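Undergrad: The listed protein sequences correspond, in order, to chains D and B.
So in my numbering the end of the first sequence lands on 160, straight run, no missing numbers.
So in my numbering the end of the second sequence lands on 451, straight run, no missing numbers.
In short, the hints are calculated from the structure, not lab data.
Computed from a predicted model, the values in this text were never measured in an experiment.
You may find that some hints are simply not true.
Said to hold, decoys possible - Subject to a maximum C-alpha distance of 27 angstroms in a straight line, what follows is the list of computed DSSO-like cross-link-like pairs (lysine-lysine): (1) Lys221(B) to Lys117(D); (2) Lys449(B) to Lys221(B); (3) Lys449(B) to Lys14(D); (4) Lys117(D) to Lys14(D); (5) Lys221(B) to Lys14(D); (6) Lys117(D) to Lys449(B).
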Amino acid sequence: MTWLAAFASEGELKQAAGELRAQEFPVETYTPKPLEEAPSSPVPIVIFIAGMVGLIGGFVAQTYANTWSWPLNAGGRPPISWPSYIVIAFELGILFAVCAGFFGFLIACRMPRLYEKVDECPAFRSASRDGWLLTVGGDPLLSRRALERLRPLLIEEVPQ
Amino acid sequence: MSDIPAPEAVDPIVLPGATPDRLTDRIAAIALRERAFLWWWIALIPSGALTITLFVAIIYLFYTGIGVWGVTWPGMWGFAILEYVWWIAIAAGGTFISALFYLMRVEWRAAINRIAETMTMFGIACAGLMPILHLGRPYLFYWLYPYPSTMQVWPQFRSPLLWDFVCIQVYLIASGLFWYLGMLPDLAGVRDRAQTRSKQVLYGILAMGFRGSGTQWRHFKRTYAVLAAVMAPMICSVHSVVGLDFAGANTVGWHSTQYPPFFIFGAFLSGFAMVLLLIVPLRRLMRLERFITGRYLDVMCRVLLTSSLFLGYSYMMDAFTTYYSADKAEITMYNARVWTIYSLAYWGKLFCNILVPQLFWFKRIRTSPVMIILICVTVIFGMWYERYELVVMSLFRPHLPSSWGDFSGTVWDYLTLFGTVGFFVFGILLTIRVIPVISMHEVRELMEKRQ
């Protein structure tokens with residue numbers, strides 16, 4: 001069984017989440033804005049790799065097309081006139097990076113996920129307004145007792 | 001709300017009384033309104049009519065051919081390309097605000113970011129339409145893609161025109177994804193306020209299950225920041241490439257290394273002017289004065305003034321390099337620009353883009369909605385003049401005097417122009433009817449910092 005609890009402020013929520021995590025309960029916070037903590041995520045690395053793939057891949061593809069597959073030499077430039085391939089390579093790098101960022105974010109968050117059990121709780125809707133919420137899993141009796149010690153504004157049961 | 005005072009330059013970034021819960025309720029209520037505002041209908045009808053005009057003009061163009069326009073040899077670029085540059089520059093303003101100023105961590109972008117990005121989307125749509133219409137054989141536009149064909153040839157990747165084709169598409173896709181990503185938390189906010197089943201389902205699907213969980217925010221914050229860092233150089237590259245479309249050709253007046261930055265300065269100016277043109281009426285009509293305060297207007301006007309000075313520098317360098325080059329064709333063309341047939345466009349652009357924005361040196365004017373609208377409309381006109389004389393003069397005063405000619409747009413040119421304006425407004429109106437018009441999660445962070 002999981003409990004949903006609301007706290008009065010960001011500070012109280014962060015403190016409560018810290019204490020519950022210290023007692024090894026599985027905790028997830030729900031807040032209207034990012035909590036002030038150092039965010040860590042693998043998505044930027046994915047963005048970087050995808051950007052590099054786009055950049056190098058775009059450059060190679062252009063060189064293949066205009067220099068090797070069908071040498072197209074207008075203007076008497078050298079066969080591999082690399083400066084003129086930079087722009088499209090750069091743009092493809094950007095395209096790959098942005099797509100990787102968007103879809104990487106969705107995958108990292110397991111989105112789209114339109115339904116979760118926590119949605120059934122009436123109090124949950126305030127998480128996108130001004131509520132500072134968290135859910136606690138683990139042993140229901142122990143987690144309930146631990147929650148009550150932290151003096152939340154309310155505690156609701158998340159339906160099974 | 002009658003208790004809202006007139007905008008002042010010294011306003012805080014959010015007015016007192018603007019709290020996260022009031023913000024959320026207000027923005028969600030706008031998106032969830034059962035009946036649209038009256039002004040919305042009043043604006044929708046003419047812009048819808050112009051959108052239909054645009055489609056009529058396009059159908060007639062496709063049916064008859066490019067000859068319906070005023071383009072003629074040697075001036076093959078005419079209205080379509082000048083409007084392409086005009087629109088893409090307007091679009092760029094939104095990306096400068098959403099990406100470049102995000103990286104600078106300025107506080108006066110959060111509340112206008114969403115409107116600016118929406119403007120970008122429709123600016124790109126209008127811009128992207130133009131080169132396709134201008135192709136003459138628009139149904140063959142896919143030849144620009146490198147695909148293995150039976151002809152065994154590939155596009156010429158050394159051409160700035162192909163770079164541009166790639167840039168526009170990357171710009172459209174990247175802006176769209178960035179806009180949508182930034183909107184996910186706010187769509188979730190609207191979903192949680194929705195009362196009817198159909199709206200819950202609609203916003204539920206649009207929000208894709210964003211719940212503000214710790215995991216989601218952690219990934220969101222990092223991804224958004226890194227994507228902003230990717231978008232900022234992209235917008236500079238896109239507009240530089242538009243400049244290279246011109247500079248790449250050995251055409252009198254265009255063949256100059258200053259074109260890429262010159263075009264970026266122009267994009268700053270027209271983009272910010274259009275953002276101001278949208279936020280000044282919308283903050284009043286949608287009653288967002290508490291969140292888009294006088295401080296936003298003041299800062300945006302200062303930024304616009306700065307861009308105008310940048311552009312003035314570019315105009316000066318344009319004149320300087322021409323006369324310093326001692327190139328006879330360049331000087332002849334430039335003299336024709338300044339003193340003969342199209343001198344109205346030349347002096348018009350100086351007046352509209354450089355002289356008029358100098359009014360923003362006065363604090364009174366920077367916070368006066370009427371003056372801001374008048375000046376920004378002037379700037380938008382001025383930027384159109386600038387592209388007009390840029391495109392038309394260079395093409396009709398080439399090196400060979402026997403090719404000199406004269407240009408005037410036909411009625412179809414003007415119908416297409418006004419049609420895109422209508423389409424731009426129409427698209428923005430439809431979009432702001434359903435989306436959260438202020439980036440709520442960013443403004444919530446701003447409010448917290450203020451307390």
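Undergrad: It remains to establish, for every hint, whether it holds in the given structure.
TA: Here is what the structure says about each hint:
{"no.": "1", "hint": "Lys221(B) to Lys117(D)", "verdict": "holds, 25 angstroms"}
{"no.": "2", "hint": "Lys449(B) to Lys221(B)", "verdict": "holds, 17 angstroms"}
{"no.": "3", "hint": "Lys449(B) to Lys14(D)", "verdict": "holds, 17 angstroms"}
{"no.": "4", "hint": "Lys117(D) to Lys14(D)", "verdict": "holds, 23 angstroms"}
{"no.": "5", "hint": "Lys221(B) to Lys14(D)", "verdict": "holds, 18 angstroms"}
{"no.": "6", "hint": "Lys117(D) to Lys449(B)", "verdict": "violated, 33 angstroms"}
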